[in-house]
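K.L.:
Letter by letter, the sequence shown follows residues -31 to -1, 1 to 280 of mature numbering (1 follows the signal peptide of the UniProt record, and there is no 0).
Since the hints were made in silico from the structure, they are not lab data. Backbone N, C-alpha and C fix where the C-beta goes; we use that ideal spot for every residue, glycine too. Be aware that a few hints might be false.
Stated by the list, open to error - Straight line, CA to CA, 20 Å or less: simulated EDC-like cross-link-like pairs of lysine to aspartate or glutamate:
id, residue 1, residue 2
1, K65, D12
2, K65, E102
3, K65, E41
What the hints assert, rightly or not - Here are the computed distance ranges between Cβ atoms for each label pair:
id, residue 1, residue 2, range
4, H42, G189, 13 to 21 Å
5, G128, S233, 27 to 35 Å
6, E41, Q123, 22 to 30 Å
7, Q200, D33, 43 to 51 Å
8, Q252, S120, 30 to 38 Å
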Amino acid sequence: MAEFFRAIHARACAAAGALMLLALLPQAASAQAPAAQAATAHDCDRQCLSGMITAYIDALVAHDPANLPLPEHVRFTEDSYEIEIGQGLWETVTAKGGFRQDYIDSARQIAAAHVELREGDIPVLYSLVLHVEDSRIAGIETLIQRIAPDSPWQPTQLGAPIRGMNDPVPAAQRQSRESMIRTALTYTEGLRIGNFTDGGTPFAAQTYRVENGVITAGPGCGRADCGMYAQRIMLHPDIIPSVAAVDEENGVVVLWMNFGFTNSYGDGNALVTYEAFKIWGGQIRSINAFFRTMPLATPRFWNSTDPIAIP
């Protein structure tokens, strides 16, 4: 496993290369400052961070960011492109959908969420990560997947919370932040080598996974191989993960991942996802992912909140 972390770190550095220099500009560094700081009495608490998500989504649907708590300079990315707040989906969204799952990282002052929105009759699966500094939204990263009417991935499971994602974590089986991240990254390792068993990915007996609103593992998946270990998965030798948020209270790690070249997502494309893992007792219990295909070299353009190259 140590070899995996070293390899991931090397690939991330090589793949991002010059592109990541953009994320190191002074403005971006300012937006990332909370990731290096411990929570203090002056930071947003859990309720405050969740309220930031509510305020942001309300403003987005109203097409009006004017009342958001923003500093003079705010960094905003949509699908890994840096644009001005008020552009992109801000101009086209028409309504909220029926789903929202928050992931609150109080220690790093990050408020993340999977949210269903609408553009007319089109469902929009919205991954949102707010970087909060001094009780202001200093950075915003988003990923958008629009579900076409003829798409085989119709989000039928977003009418209620994802099973198990909000279950209370038993006190005796709560893991440390670092331990949760290690557990989540075993999923990345399983994808890398194409085998969750050999990757040492510790799934619970009834691990439940929903991808773009479709059950793909666990009860109700509608397939013969609903178990995580039973499913055949392709090799993802160039997969790159980054930690987007760790909800220590709720036992959830959110990873951004670029699945890399697999020759399966269209010419020159890769799958890019924000994927949430419910973790306690040393096992992955529930998974929720919003993903889309993007150009192979797509970087995150934001720093990982925590190291992924564990010594």
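K.L.:
Next step is simple, just say for each hint if it's right about the structure.
P.N.:
Hint by hint, here is what the structure shows:
| no. | hint | in the structure |
| --- | --- | --- |
| 1 | K65 - D12 | violated, 28 Å |
| 2 | K65 - E102 | violated, 26 Å |
| 3 | K65 - E41 | violated, 28 Å |
| 4 | H42 - G189: 13 to 21 Å | violated, 46 Å |
| 5 | G128 - S233: 27 to 35 Å | holds, 30 Å |
| 6 | E41 - Q123: 22 to 30 Å | violated, 42 Å |
| 7 | Q200 - D33: 43 to 51 Å | holds, 44 Å |
| 8 | Q252 - S120: 30 to 38 Å | holds, 32 Å |
Consistency note: the structure conflicts with the earlier hints numbered 1, 2, 3, 4, 6.
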